[in-house]
Each structure stands twice: as C-alpha cells, then as structure tokens.
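Novice: Take the sequences, apply the hints, and build the full model.
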Amino acid sequence: MLHVPEGGYPQMQELNLTGRTVVVSSGTDETGQAVCAAFAAQGARVAVCGCDLAEAQKEAARLRAAGADAEGFAADPGRRQDLAAACAAIIGHFGRIDILINNSNAELAAEERVPLHELDMDRYDAIVNAGIKSFFTLSQLCMQDMARHHGGSVVNITSIRGLVPVAGQTPIVAVAAAVIGLTRMWSVELKEKQIRVNAVAAGITSCPDPQSLSHLAIQRPADPKEIAAAALFLASDAASYITGAVLPVDGGLNAGYVRSF
-12 MLHVPEGGYP
-2 QMQELNLTGR
8 TVVVSSGTDE
18 TGQAVCAAFA
28 AQGARVAVCG
38 CDLAEAQKEA
48 ARLRAAGADA
58 EGFAADPGRR
68 QDLAAACAAI
78 IGHFGRIDIL
88 INNSNAELAA
98 EERVPLHELD
108 MDRYDAIVNA
118 GIKSFFTLSQ
128 LCMQDMARHH
138 GGSVVNITSI
148 RGLVPVAGQT
158 PIVAVAAAVI
168 GLTRMWSVEL
178 KEKQIRVNAV
188 AAGITSCPDP
198 QSLSHLAIQR
208 PADPKEIAAA
218 ALFLASDAAS
228 YITGAVLPVD
238 GGLNAGYVRS
248 F
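Once you know that position 219 of the sequence shown is 206 in my numbering, the rest is easy, because the numbers rise by one and skip nothing.
Since the hints were made in silico from the structure, they are not lab data. We put the beta carbon where it would ideally sit given N, CA and C, even for glycine. Do not take every clue at face value.
[As the list claims (entries may be wrong)] With a straight-line cut-off of 20 Å between C-alpha atoms, the simulated SDA-like cross-links for lysine to any residue are:
hint, residue 1, residue 2
1, Lys120, Ser174
2, Lys180, Gly82
3, Lys180, Gly138
4, Lys180, Asp224
5, Lys212, Ala53
6, Lys120, Ala161
7, Lys45, His80
8, Lys120, Arg67
9, Lys45, Glu58
10, Lys120, Ala93
11, Lys212, Gly82
12, Lys178, Ala134
13, Lys212, Leu234
14, Lys45, Asp63
15, Lys120, Met108
[What the hints assert, rightly or not] The calculated label-pair distances, taken between Cβ atoms and stated as ranges, are:
hint, residue 1, residue 2, range
16, Ala204, Gln68, 41 to 47 Å
17, Arg83, Gly168, 24 to 30 Å
18, Arg83, Ser227, 16 to 22 Å
19, Asp112, Gly239, 31 to 37 Å
Specialist: Below is the structure:
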C-alpha cells in the first residue's frame, strides 16, 4: 500500500523493502542484475525472471549467497502463457507481488541503426512486439495481483530515446515512447487500486566509441547500478507521492545534448 512517512521528511529507512516481493524482468542482464542486487540489499524478496531458467536460478543463487531471499523463474517475454506461469509460480512461492521492475532498455546494434526507408520491417516488428507486448503482458499479470490484494509499485526501465529521439533508432524510439505513454496512463488508471507507476528513462550503458559521449553533459556511460538506484527510489516509500513520473538517468542527454548516430 502507499505509505506516507510520519514526522517529517522521508529518511533513508524509507528505502527499506523488507517483506516485500519484487519481480524483475530480464533479471539476468547487466541492468537486471544491478536491480536485483539493489533490492536485495534493502531486504526485498527477489523474483529473478529470465528466458533461461538456469541463468535466472544462477542469479538467484548469487543473491542468496549474499543473504537475500531470492528465486529464479523462467519467463519467455514473447509467450503470454510463460509469463502467466511465472507469475503464478512467483505468487505460489512468495505469496504476493508488491513491486514490478520492467527492465526493457533494449539497444540496437550499430549496423541496425538505419533510417526508416532502409528499415527491415520484420526486424522492426520483432523488436516492437517483444518490447511492448511482453512489457504490457507482464505488467497486466502483476498488477492483477496488486489490485486484488494490497496495491503496489511498478517501475518501467526504458530508453531515453522515448524522450530524446535519435536518428536511425525507430524501433527503440517506438517502444520507449509507448512505455512512457503507458506509464503515465496507468498511473491515472490504477490510482484507486493504490498502485504507483513510474519510469526510468535510461541513457547509454555501454560505449565502444568514446567520441559518441561528447554530446553528454556527464561524459561517460551510466553504471547499471545508477539505473538500479533510480528504480529503487521510485519503488520505495521515499517516493510515496510520486506517480506517473519519468526520471531520466541519462548524463544530461535530455537537457538538450542531441546527436545523430
């Protein structure tokens, strides 16, 4: 449920998530691992979701070795039945879902960054269907449990491209813009169910060409831990009065540093 801190401003203890269950999609990639570790460090029970069950279980075992309550679950983002089975298994194991972190900050390979008239539409369909449909489906399934029982918090990690379009990245811009739009809509739609919905618009996390950082105010890639920290804040009671927000974690890109790749 939404929690309003008593007796002054929120303190660091408002980040404490002991007893709450967080579902992390794509929990085995670099950003997902950072998110899992950040939430585990604050006492959350972590459901690590990934296409590869062995990898999800491996990440969960790493978290357990550090003292966390964690379990891995197979969740193919392209198959609704797999996502439904994963959610049912998570609820069966942990009892409830309190927080969902949709980790969907995809990137295009350099050779795929082409203008619209050169875009392979099969590739476009694959990226958009995977990026939007899986995000929508997992959100719906997790929110159903939150709405039935206790409210909750959803944080959608997407690309800064949804706010600052970059030439040659039509599918990424399409997915990110959709995620941002749905974040805002769901925050209004689900307010009566005590579900907060926010987004993190993540910037560059890897950069083989240092010259491409010249358009950033902070001229380095983001550390996945910095993205995880933003997600942790938005999911926690420290952000109890924040919903429908999009928090850029982008090194200043959205402040006006625009460049075509």
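Novice: Which hint numbers does the structure go against, in order from smallest to largest?
Specialist: 11
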